[in-house]
Amino acid sequence: MNDQERLFLSLAEQLASPFLQISRLAEISADDDPEAVSQRWQIVRAISEASVQLVESYALSLRIHGKVTPLRLEPLTVSSLLYDTAEQLQPFARQYGVELALDIGSRSTPIIADRTVLQAAMTSLGQVFVLAQAESDDTAAVHLSAHRSRYGIVAGLYGNAQLGADGLRRARALQGKARQPLQKLTSGPAAGVFVADSLLQTLAARLHVARYHNMTGLAATLQPSTQLQLV
Amino acid sequence: MHNQQISTGIVLARTDYGEADRIVTFLTPDQGKLRLMAKGVRRVKSKLAGGIELFSVTHLTYVRGRGDIGTLISARLVTHYGHIINNIDRTMLGYELIKQLHKITEDEPEAAYFGLLEQAFNALNDGTLSIDLIRFWFSAQLLRLGGHTPNLQTEVGGTKLDPSKTYEFSFDDAAFIARPDGSYGADHIKFLRLVFAGTQPAVLAQISGAQALVQHTGPLVRLLAQQYIH
Amino acid sequence: MHVLLIEPDKIQAMAAQQALKGAGHTVSHVLSAQGAVHAADEQMPDVVVLELQLPRHNGVEFLYEFRSYEEWLQVPVVVYTMVPPHALAHAATLEHELGVARVLHKPTTSLAQLCAAVQVIAPASHA
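Sequences listed follow chains A, B and C, in order. Quick note: the first sequence uses the numbering used here, first residue 1, plus one each step. Quick note: the second sequence uses the numbering used here, first residue 232, plus one each step. Quick note: the third sequence uses the numbering used here, first residue 462, plus one each step.
No lab work stands behind these hints: they were computed from the structure. Heads up, a few of these hints could be off.
[Said to hold, decoys possible] Among chain B residues calculated to face chain C with C-beta under 10 Å, some are:
#, residue
1, E284
2, L285
3, I300
4, G301
5, T322
6, F402
7, F427
[To be verified] In silico lysine to aspartate or glutamate, DMTMM-like type, Cα no more than 25 Å apart, as pairs:
#, chain 1, residue 1, chain 2, residue 2
8, A, K177, B, D393
9, B, K330, C, E503
10, B, K270, C, E503
11, B, K421, B, D363
12, B, K396, B, D418
13, B, K264, C, E526
Backbone N, C-alpha and C fix where the C-beta goes; we use that ideal spot for every residue, glycine too.
Could you build the full structure based on these sequences and the hints that come with them?
Printed below as a string of structure tokens:
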């Protein structure tokens with residue numbers, strides 16, 4: 001299998017889960033009272049929208065890599081992008097009882113990037129972190145963070161899982177081959193990680209394990225624009 | 232304490248002992264099989280975690296008991312082959328190999344068996360190595376360590392094996408017999424020589440056509456293993 | 462009957478719990494292998510329903526650990542998993558050696574079928 005086939009397989013295995021969730025919710029809703037049914041529909045909506053977003057992100061990565069769609073580079077601030085990412089993830093996270101926290105600092109150093117690609121990457125990654133947090137007994141929030149390092153602006157997601165560089169390297173090798181390539185993070189295929197990786201590659205960036213405060217996560221290091229400075 | 236001993240071990244089995252304790256059987260390179268009482272483990276909320284996890288090499292500090300069973304003082308993880316559990320079939324093969332080794336080894340197995348299990352875990356931990364290859368390789372190593380390597384140099388009768396000929400395998404003689412249209416040729420025999428020389432699975436996997444060679448020679452090794460080991 | 466449900470997906474767990482409770486059982490839900498060992502310690506289950514794909518440890522590890530305790534040797538286990546049959550070459554080992562009563566593939570097994578499987582297993586163990 002080539003890389004794209006393995007990514008597709010990972011995505012296919014990931015999407016089995018929300019379809020199954022919808023099917024089982026429908027099964028138990030037959031005899032439910034209207035209020036319970038209404039709650040079920042909210043869950044269905046949230047997981048459906050998250051799944052559509054993941055599929056769209058994957059399709060976007062294929063189009064960019066296949067040069068069907070060009071990158072649209074523009075100045076943007078990572079903090080605003082993560083804010084939008086958190087908004088997009090919120091309905092999904094709510095259904096799983098997972099809190100999201102934003103750590104974006106006060107200065108907004110601009111970068112040049114394709115906003116759609118970068119946001120798709122962060123949202124796809126965010127889904128995995130929400131699922132991972134939901135599988136743990138820990139009630140800590142998933143953090144979306146942007147901070148400066150000497151290498152650039154580190155934008156990513158952080159949680160309570162013990163991730164290591166070796167684990168991420170192995171996960172990339174196991175993607176599409178093992179059913180649980182990132183088992184220390186989540187029980188599922190973690191397709192969102194690999195979709196995010198594929199998208200970030202189009203921006204000459206790549207996911208890496210990062211540490212922030214006392215949390216571990218996955219992030220991309222992006223280069224600030226030297227031409228633009230927001231006052 | 233002056234009578235504390237140290238070793239490294241791989242967990243072979245765990246059983247209950249009373250309400251609070253567990254007896255853990257370790258395979259060690261220097262002390263054979265060690266049975267150690269892990270006191271109070273059943274009360275501690277770490278039954279699936281900690282120093283006595285399976286698929287690990289653990290540094291052990293213990294005190295010898297009067298009888299067979301010593302007391303575990305501390306256990307520290309040295310190597311945890313955590314990627315074995317990324318895949319259900321790998322996990323099950325891991326348990327199968329542990330069980331096989333535990334069953335066929337006496338209380339004083341040679342150090343080589345510890346090394347074998349470590350290598351097996353290493354191979355299983357590498358998600359790119361095929362399970363079939365690892366299972367095949369392990370059976371061959373058990374045969375080798377048990378002194379049951381088949382004759383891969385000469386055929387029944389003593390004539391040197393000829394790369395231009397084909398052979399069938401005689402289980403009675405544990406050697407090849409030349410046959411026109413035999414099932415085994417030079418490539419199969421060369422591969423078996425590498426396997427029974429103890430070549431690591433990661434190296435075997437690099438051989439061109441390794442998967443097909445494993446499939447072809449696998450039944451031979453499996454039957455030998457059934458005959459001599461299980 | 463008391464069912465111990467080991468399922469890392471909270472939404473699937475919610476649905477399964479509702480179905481099992483609707484069938485008259487009490488349910489303890491845990492997310493992980495570690496949680497399952499604690500839960501079984503606190504309240505002896507009559508049946509375990511187990512997803513094999515778990516975070517940090519997998520269901521096979523749980524089964525070997527679970528069966529190493531004498532008091533849990535006879536507790537029947539129904540595997541209810543996303544792992545497809547073709548990826549589970551050792552299903553026979555699960556059944557023979559680890560006391561798994563049924564292996565059910567989630568995408569092709571409705572909750573009603575899960576409840577029926579649990580019910581069929583129950584009488585023998587629930588004496």
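Hints, one by one, checked against the model:
no.: 1; hint: E284; verdict: 9 Å, holds
no.: 2; hint: L285; verdict: 7 Å, holds
no.: 3; hint: I300; verdict: 16 Å, violated
no.: 4; hint: G301; verdict: 19 Å, violated
no.: 5; hint: T322; verdict: 4 Å, holds
no.: 6; hint: F402; verdict: 26 Å, violated
no.: 7; hint: F427; verdict: 26 Å, violated
no.: 8; hint: K177/A x D393/B; verdict: 40 Å, violated
no.: 9; hint: K330/B x E503/C; verdict: 30 Å, violated
no.: 10; hint: K270/B x E503/C; verdict: 20 Å, holds
no.: 11; hint: K421/B x D363/B; verdict: 19 Å, holds
no.: 12; hint: K396/B x D418/B; verdict: 11 Å, holds
no.: 13; hint: K264/B x E526/C; verdict: 20 Å, holds
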